[in-house]
Amino acid sequence: MYLTENSILSVAMKQYRYKLRSYLELFSGLFIMQILGLVLSLGAVSSYSSSSNILRVSVMNYHSSIIMIFTFMWIFALSIILTTRQYRNLNYTFVANRLSSLTSDIGFILTSCILGGLTASLHGMLLRVIIYFSVDNGELLPSMFKPSPSILFTGITAAILYMMIIGAVGYLFGLLVQTNKLFAVLIPALFFAAIRMYIDPYITDAVEFYIKESSLTLFAGKVIVTVFVFFLFSMITSTRMEVRR
Amino acid sequence: MSVVSCENLSKAYNNFSAVKNLSFDLGENKITGLIGRNGAGKTTLLKLIAGFLRPTSGAVKVFSQNPFDNITVSSNIIFIDDNMNFPVSLTLSEILDSAGMFYKNWDDKFARKLISYFSLDLSQSHFGLSKGMKSTFNVIIGIATRCPLTLFDEPTTGMDSAVRKDFYRALLKDYVEHPRTFILSSHLLNEIDDILEDVLLIKDGTKALHLPVLDLKEYAIGLRGSQDVLKDFSSKDIIHEESFGSDSSYIVVKNQFSQTKLEQLKASGVSMTSVASDDLCNYLTAKTKGGIDDVFNRE
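Line by line, the protein sequences are chains A and B.
Counting in the numbering used here, the first sequence runs from 4 upward without gaps.
Counting in the numbering used here, the second sequence runs from 1434 upward without gaps.
For the record, the hints were derived by calculation from the structure and aren't laboratory data.
Just so you know, these numbers come straight off a predicted model, no measurement behind them.
Here a beta-carbon is modelled for each residue, glycine too, at the ideal position from N, C-alpha and C.
A hint or two may mislead.
As the list claims (entries may be wrong) - Not everything, but these chain B residues come out facing chain A in the computed CB check (under 7 Å):
1. Phe1485
2. Asn1518
3. Lys1537
Chain A with its partners taken away, still in its complex shape:
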């Protein structure tokens, strides 16, 4: 009898290609979230006006961060969806083991982060274009309105990196919930309890460790290490589960 030998990496690559083709419906979620974010962003975040007898000034602030937040929510949801039984079982229709499935899931999440980060930034640009055409008799402050390519690049990269952390956290959270449904309540409860006690210096330090990083390279390094640790925990968690029920 002749047996086919396969390396885990080559199977993971095949699974990754299979997932890119077949999880299209997950990308439609991204599209919907970003359009929704765009529509909500069309209203000014804050406005202020002052008037005298002869002059009236009103300042409108627009912000594209809501598009970003919605994109973050999408990657979090997507990572959790990938850990549900239906999506995990899809792995084992054809050739797979747990490591190859995890690797291809990670590949899929990272690809989604790149796509999400890029499109979120581009939607930010689209928002500017819409505002440009909708403001009839006003002045747009050019410094904010036309970001330099390097700022745009930094923005896109930072968005992708943040999404990677969120994706990795979501994936681990989803897997933990699959091992025990109690985690679905326990982890958010602990999380919000920690936020309530924001005075706790450790949490503040931890958040600042990422947010206050001014060098993009260092920030990327920190994120990559963090993401790696989270996926490592995911791998350990998945080895405690059956392959397919």
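Fit chain B to the known structure of chain A by using the hints.
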């Protein structure tokens, strides 16, 4: 070399043990029928072989390797059941392409010929198929992957009888051209006993019988006669019994009589019949010897 071998294999879910102390070997290039009642542990056993589940105790070996989470075993088997998962956004044609990407022996031309024979629409999604069509599509995947070991778990669920017959024929023809190992689980032995070589009968997670189909046909004998003559058989030997009227009864016993004993029985007015293998399997896996009649018998 045995393709699948189990040694004292057990699998328990919480407190319920689905497979208990099962030991058997399946030889290469055979079609084995895994027969048992609903809930006998057929699916659990197949999933253990496929490497989806971790045994609670004992061991299962596929191609002499532990199948659990094993990429080599996974590359050489396919598990087909009626809740096979396919992505919603793929058409049948794209699913076939994907199967071809994963399996080296995949015969794409053959798969597409089968698809058109069973008049499935390649541009449809798997999600939109009817139950019987889903099963048909799944078995086409199972046959066309030409894996060294193919596991079919109740593959014909929902198929009409014409499609079922075609499937069995296609399976047999492809097996003859490309001999490989199949395990086919079913509770309908009469439909598949002419394509099977061996039968593995399981009852409540344990092995009831494992023998060639031809031997199964000879395994037991049905005796019909007056109760006085038949009451000599101890209840230990009786596989199944039914009574007719006040003094006539029918019993099924293991076929291990000498020629003289048979003559004697014949002389005392007992008629002998062979027992259909399908009925025999039902008797062997029944909870009580009298079958459903026991429920209606008044004390």
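Checklist entry - Is the interface hint for Lys1537/B satisfied, with its Cβ closer than 7 Å to some Cβ of chain A? => result holds (5 Å)
Next on the checklist: Can you verify the interface hint for Phe1485/B: is its Cβ closer than 7 Å to any Cβ in chain A?
Outcome noted: holds (4 Å)
Next on the checklist: Please check whether Asn1518/B passes as an interface residue: C-beta within 7 Å of a C-beta belonging to chain A.
Outcome noted: Holds: closest Cβ of chain A sits about 5 Å from Asn1518/B, inside 7 Å.
In summary, the structure agrees with every hint in the numbered list given earlier.
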